[in-house]
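Novice: Note that the sequence shown covers residues 1 to 171 in my numbering.
Since the hints were derived computationally from the structure, they do not count as laboratory data.
Hints may contain errors.
Pairs of lysine-lysine, DSSO-like flavour, derived with a Cα cap of 30 Å [to be verified]:
hint: 1; residue 1: K151; residue 2: K161
hint: 2; residue 1: K96; residue 2: K151
hint: 3; residue 1: K98; residue 2: K51
hint: 4; residue 1: K29; residue 2: K76
hint: 5; residue 1: K76; residue 2: K96
hint: 6; residue 1: K76; residue 2: K98
hint: 7; residue 1: K161; residue 2: K79
hint: 8; residue 1: K76; residue 2: K51
hint: 9; residue 1: K96; residue 2: K25
hint: 10; residue 1: K161; residue 2: K29
hint: 11; residue 1: K29; residue 2: K151
hint: 12; residue 1: K161; residue 2: K25
hint: 13; residue 1: K79; residue 2: K98
hint: 14; residue 1: K79; residue 2: K63
hint: 15; residue 1: K63; residue 2: K29
hint: 16; residue 1: K51; residue 2: K79
hint: 17; residue 1: K98; residue 2: K151
hint: 18; residue 1: K25; residue 2: K79
hint: 19; residue 1: K151; residue 2: K25
hint: 20; residue 1: K51; residue 2: K161
hint: 21; residue 1: K76; residue 2: K63
hint: 22; residue 1: K98; residue 2: K25
hint: 23; residue 1: K79; residue 2: K151
With beta-carbon atoms standing in for the labels, derived distance ranges [as the list claims (entries may be wrong)]:
hint: 24; residue 1: Q159; residue 2: K25; range: 32 to 40 Å
hint: 25; residue 1: D64; residue 2: G156; range: 35 to 43 Å
hint: 26; residue 1: K98; residue 2: D31; range: 15 to 23 Å
hint: 27; residue 1: G66; residue 2: Y118; range: 17 to 25 Å
hint: 28; residue 1: E116; residue 2: D91; range: 17 to 25 Å
Virtual Cβ for every residue (Gly too), placed ideally from N, Cα, C.
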Amino acid sequence: MRLWILSLLPLFFFGCSTTQYEPLKTVEKVDINSYLGTWYEIARYEHFFEKGCSDARATYSLKDDGNINVLNECIKEGKLSSANGVAYATDASNSKLKVSFFRPFYGNYWILMLGEDYEYALIGDPSREYLWILSRTNSISSELRSTILNKLPELGYTQDKLFWTEQTGAL
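Take the sequences, apply the hints, and build the full model.
Specialist: Printed below as a string of structure tokens:
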């Protein structure tokens, strides 16, 4: 009886999922060297690790081993908060990365939209639980905001879960 119950547990957990998504499409190609540098967080899906953060930004730099160093910073409770991580591309397109701040655990970092001049990026993951709007500057135009927001439903995201990051210039 115990074996029978244990064999049904996966069906319970995976069978109860009602959300079905189309495969998430990323941009065709990312030039990693053009992607490196500082990105300001314009908006995000809120999660515990960024709760209370303002002035959030990420800085990417190339490591000697070809991986990418990730430095996330924000102002939290009036103080600088930072986290260091590492990322690597999972295929030749460089549009699907794995990022870790707590090795050996890695999360998906997929580049869904990218400005022609690498001036903005939309980052997500196949589960649609994570989403970031990033920019090279600490704000974006209303036209770009509309373009990104209009694309979200096609990608399986909703704008009602977006938290708009306050950028005061403190960083």
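Novice: Are any of the numbered hints broken by this structure? If so, which, sorted upward?
Specialist: 4, 18, 23, 24
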